[in-house]
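Novice: Could you slot chain B onto chain A? The hints should help.
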Amino acid sequence: MRMRTIEISVGAFVLAGMLAAVFLVVQVSGINVSQSEQTYKLSARFDDVAGLRIRSKVSMAGVTIGRVTDIAVDTEFGEAIVTLEIDGAPGGLTADTGAKILTEGMLGARYIGLIPGADEEMLADGDEIIETQGAIVLENLIGQFLSNMGK
Amino acid sequence: MERMLRQVGADTLSWLQGLGRATVMWIRAAYRVPKPSDWMLVIRQVYSIGVLSMAIIVLSAFAIGSVIALQFYTQLARFGAEDAVGVGLALVLLRELGPVVTALLFAGRAGSAITAEIGLMKTTEQLSIMEMMGVDPLRRIVAPRLWGGIISMPLLTLMFNTVAIYGGVVVAVHWLGADSGGFWSGMQNAVELWDDLGKGMIKSVVFAVVVTWIAVYQGYDCEPTAEGMGLATTRTVVMSSVLILAFDFFLTLLMYGDFR
Chain A
6 MRMRTIEISV GAFVLAGMLA AVFLVVQVSG INVSQSEQTY KLSARFDDVA
56 GLRIRSKVSM AGVTIGRVTD IAVDTEFGEA IVTLEIDGAP GGLTADTGAK
106 ILTEGMLGAR YIGLIPGADE EMLADGDEII ETQGAIVLEN LIGQFLSNMG
156 K
Chain B
39 MERMLRQVGA DTLSWLQGLG RATVMWIRAA YRVPKPSDWM LVIRQVYSIG
89 VLSMAIIVLS AFAIGSVIAL QFYTQLARFG AEDAVGVGLA LVLLRELGPV
139 VTALLFAGRA GSAITAEIGL MKTTEQLSIM EMMGVDPLRR IVAPRLWGGI
189 ISMPLLTLMF NTVAIYGGVV VAVHWLGADS GGFWSGMQNA VELWDDLGKG
239 MIKSVVFAVV VTWIAVYQGY DCEPTAEGMG LATTRTVVMS SVLILAFDFF
289 LTLLMYGDFR
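The listed protein sequences correspond, in order, to chains A and B.
Residue 119 in the working numbering sits at position 114 of the first sequence, with consecutive numbering throughout.
Residue 91 in the working numbering sits at position 53 of the second sequence, with consecutive numbering throughout.
The shape of chain A in the complex, shown without the other chains (with noise of 0.2 Å):
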C-alpha cells in the first residue's frame, strides 16, 4: 500500500470520525444554547418537595423556563428551600408569582409550574416566591382516603 494512499484514508478516518462527534453533539445532545444567556435565581419554600431534584424543569404555562438550582432544608421549620435559575433577565415574573410542584404524567418526574399574578411589582434576582404548593404525595392522599372510608 503507497503511503499516499494510506495517508488519504487516515484522513478521511478522522474526518469521519469528527463528522460523527459534531453530529453527536448537535442532533443527539441538543446542546443547549440557552445555557450561556443570562440567568436569575429566585427562592421559593415548599414543605414537602418529595420527588423533586436538582435540575429538574421549572416551567410556565408548560413551557420551560428554567431549572432547580439547589434542595436544601429548613430544619426548625420543616420546610424545604428550593433556588430556581430563571432563564432571561429578571423582571419578566411578578412578584405574587405561585410556585407549584407538579408530575409529568402519572407516574413521570417531578417539576414546578409557576403561576403569574397580578402585581405590577416584578420579582428581581435573589428574591423569593412567596405562594408556593408543595408536592402531593401519593401515600399521603391514599391514607386520608381509607381513613375517610372508615367514617
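Honestly, the hints are just simulated from the structure, not real lab data.
Because the structure is a prediction, the values reported are computed rather than measured.
Don't take every hint at face value.
[What the hints assert, rightly or not] Derived DEER-like restraints, expressed as beta-carbon distance ranges:
1. B:V208 to A:A17: 20 to 26 Å
2. B:F117 to A:A55: 23 to 29 Å
3. B:Y69 to A:K46: 45 to 51 Å
4. A:A17 to B:W213: 25 to 31 Å
5. B:A264 to A:I36: 51 to 57 Å
[Claimed, not checked] To give a feel for the contact side, a few chain A residues facing chain B, derived at Cβ under 7 Å:
6. F18
7. G22
8. A26
[As the list claims (entries may be wrong)] Straight-line alpha carbon distances no greater than 35 Å define the calculated DSBU-like cross-link-like pairs of lysine-lysine that follow:
9. A:K46 to A:K105
10. A:K105 to A:K62
11. B:K237 to A:K62
12. A:K46 to A:K62
13. B:K237 to A:K46
14. A:K105 to B:K237
We put the CB at the ideal spot given by N, CA and C, even for glycine.
Specialist: Chain B alone, transformed into the frame defined by chain A:
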C-alpha cells in the same frame, strides 16, 4: 500441601512479573511518541488498526442500532410511548453499548492482529535483529501501535454511536412509523453532552488503552514458537474482552453510581 503452596506462589510471582514487564514496556513505549519523524509510523498504524476496522464497526453498529430500536418500539408501543424509543436508544448506546461493543469488536479485529504481527516478528527474530542494528523495537514497533490504537478507538466509538442511532432511526421512524419530531426532541432533551456523551467517550479511551496494551504486550512477550503465538493471540482476545467488561462495570459505578 507444600507443592500446592509452591505452585500458587510461583503462579503469583510470574503473574506479578508479567504485570511489571507490561508496565515497564508501556511506560517506555508511551514516552517516545512526540517525535515528528515517528508520526508516519503512527499514521500507518491508524490505517491498519482503525481504517480497516471501520467496515465491521459500521456494519455491526447498524445492526445493533436497528435491533435495539425494534425491541424498544414493540415494548413501548404497548404503553403508547413510542416517542421514548429515541431516548432509550441514545442513552443505551452512548453510555454502554457504544464504547463496550466497539471495544470488543476492536479487540477481536485489531487486537488479535497486533499480537500476531508482533508475535511473528519476535518468533522470526526480527525484534532481536532490530535491537542489534541499534533500532529500538519499543519505539519502532510497539509505540506506534499503542498510539494508533488509542487514537483509533474513540473515533471508531463515535462512528459506532452515529451509525447505530441512524440504524435506529431507519427502523423506528422510517419503517415502524414513530413520530420523527418526538423521537429527536425526546432524545435531545434527555441526552446530556457531558453526562452521556462525555462519560461514554472516557470509557472508550480507557478501553482503548487496555486493549492495545494487552495486545502489544502479549505479542511482545509471547513464546517464540508457532504454538506460543497462537496462545498469545487467544489470550489477547480473552483477556481484553474480560477486562473490558470488568472495567465497564467499575467505570459505570464510579461515574453513574449514586453515591458520593
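Novice: Next, verify each hint and record whether it holds.
Specialist: Consistency of the hints with the structure:
{"no.": "1", "hint": "B:V208 to A:A17: 20 to 26 Å", "verdict": "23 Å, holds"}
{"no.": "2", "hint": "B:F117 to A:A55: 23 to 29 Å", "verdict": "24 Å, holds"}
{"no.": "3", "hint": "B:Y69 to A:K46: 45 to 51 Å", "verdict": "49 Å, holds"}
{"no.": "4", "hint": "A:A17 to B:W213: 25 to 31 Å", "verdict": "30 Å, holds"}
{"no.": "5", "hint": "B:A264 to A:I36: 51 to 57 Å", "verdict": "53 Å, holds"}
{"no.": "6", "hint": "F18", "verdict": "5 Å, holds"}
{"no.": "7", "hint": "G22", "verdict": "3 Å, holds"}
{"no.": "8", "hint": "A26", "verdict": "5 Å, holds"}
{"no.": "9", "hint": "A:K46 to A:K105", "verdict": "17 Å, holds"}
{"no.": "10", "hint": "A:K105 to A:K62", "verdict": "12 Å, holds"}
{"no.": "11", "hint": "B:K237 to A:K62", "verdict": "23 Å, holds"}
{"no.": "12", "hint": "A:K46 to A:K62", "verdict": "14 Å, holds"}
{"no.": "13", "hint": "B:K237 to A:K46", "verdict": "29 Å, holds"}
{"no.": "14", "hint": "A:K105 to B:K237", "verdict": "34 Å, holds"}
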